[in-house]
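Chains as they are written, first to last, in this note's numbering: chain R, 1 to 156; chain A, 1001 to 1289.
Derived from the structure by calculation, the hints contain no laboratory data. Some hints could be false.
[Said to hold, decoys possible] Using 27 Å as the maximum straight-line C-alpha spacing, the simulated BS3-like pairs for lysine-lysine come out as follows:
no.: 1; chain 1: A; residue 1: Lys1084; chain 2: R; residue 2: Lys120
no.: 2; chain 1: R; residue 1: Lys120; chain 2: A; residue 2: Lys1089
no.: 3; chain 1: A; residue 1: Lys1002; chain 2: R; residue 2: Lys17
no.: 4; chain 1: R; residue 1: Lys17; chain 2: A; residue 2: Lys1029
no.: 5; chain 1: A; residue 1: Lys1012; chain 2: R; residue 2: Lys3
The structure displayed is predicted, hence computed values, not measured ones.
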Amino acid sequence: MEKLTILTTINGKDYAKEVEPRLLLSDYIRHEVGLTGTHVGCEHGVCGACTILLNGEPVRSCLMFAVQAHSQSVETVESLGTPDEMHPLQKAFHEAHALQCGYCTPGILMTLKPWIEENKNPTEHEIREALSGNLCRCTGYQHIVDAVKAVTAQSG
Amino acid sequence: MKPAPFAYQSPKTLVEALQLIAEHSDDAKLLAGGQSLIPVMNFRLAQPGMLIDLNQTEGLDTLTLAADGSLEIGCMVRQSTLEKSMLIKEHAPLIHETMPWVAHSQIRNRGTIGGSLVHADPAGELPVLMVALQAEFELQKVGQSRRVSAEAFYIDLFETELQDDEILTKIIIPPVPARSGSSFHEVARRHGDYAMAGVAAVVSLDASGTCTACRLVYLNVGPKPMLATGAADMLIGQPITPELITQAAEHAAEHEIEPNGDIHASADYRRHLAKVLGQRALNGAVQKI
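Next up, chain R with everything else stripped away, as it sits in the complex (with noise of 0.2 Å):
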């Protein structure tokens, strides 16, 4: 099949690829950028690792096609910080234990971002609800919800 010629902004840079319709926006980060803080658990929605913002939204990388993202600004996990300079966020999670294998947590992180701006007194109970749409086998949550208690007790 033909291949298009596609424009997306990531991270604030700006990146012309020839690709073909069906590649995933995931796999276009991952290989034709090569991003690879996201990542990709189930390729159908519901696990959350593939999250990244799409114009600020987060959204499942794995349920759109990269076509779809011409024009369009993306931030993935590389985004937030370095490890000299974290985000606030991951700042919380290095110092909550919130992260074990770290596959989920990029996905969790851009799920987050958006969130603790627009909510900044949560309850437990709203950020559960607000983690619902990522999976992580490895730490339980608990301390992944202390982490951003203690973020959002931060900035509140």
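Guided by the hints, dock chain A onto chain R, whose structure is given.
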């Protein structure tokens, strides 16, 4: 697995989209939010030769209140837009109440009302709401536009009135009568998972407390939204009491649903859920009047 190859079209106008679907109706699928279609393509359960992407098509994502008080919702309105809309909160509170139960927030940011409605998943909340609210769907193809009631639209498992060359372009929700209340309940193992069972209820009363109208529609206990007209008839014309509601919910659970068993819940458990949730939804609706 990854999707099989397909040709990709992104029409800018509805006219173009209608022409494309007319020309390729045997092998093309419309792409709306993609939150149900793309998983199916990722598993190669569907391998359309062409995708007609409606995400750049103008004019399909408006949300307006008509002069007669009815809501007109374009097919490409995102589920998250419905969730946050003040217009929906005021004029279709049943939708406002239910949206947090539809999948997960990340899915709702892409998923559309039109896409969900034509996909016709028996566990889908939106089809059930539309039947409860007596919505009408505008179906367009080249040279023709027709309206079908939500109730008539859903035929059987994943089977609707929509023809291969048609697009569901607009959803029209009539104004809710005065002195009406609505309520939605569902039970799922994890918040956002497919419901094991659910129910939407809309009840209208007159000034003396007699029921003048009732729509009771069940989720995931049959191949399509299950409208319990028998239960509703037990209530209409009667003064509403909790005892009568219990009887109606029991009748609906026993006679008006066809639940299946699967790894998540047995048929008997679904039937039990339907009975309990039916009571909660009817009582909940009445309490809001």
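Here is how each hint holds up against the structure:
Proximity of A/Lys1084 to R/Lys120 is assessed by CA-CA distance (about 18 Å); at most 27 Å being required, the pair is judged to hold. At roughly 23 Å between alpha-carbon atoms, R/Lys120 and A/Lys1089 fall within 27 Å of each other, so this suggested pair holds. At most 27 Å may separate the alpha-carbon atoms for a hinted pair to count; A/Lys1002 and R/Lys17 meet this at roughly 19 Å. Proposed proximity of R/Lys17 and A/Lys1029 is supported: the alpha carbons are some 25 Å apart, at most 27 Å.
Taking the CA atoms of A/Lys1012 and R/Lys3, the gap is near 20 Å; set against the 27 Å cutoff, the hint holds.
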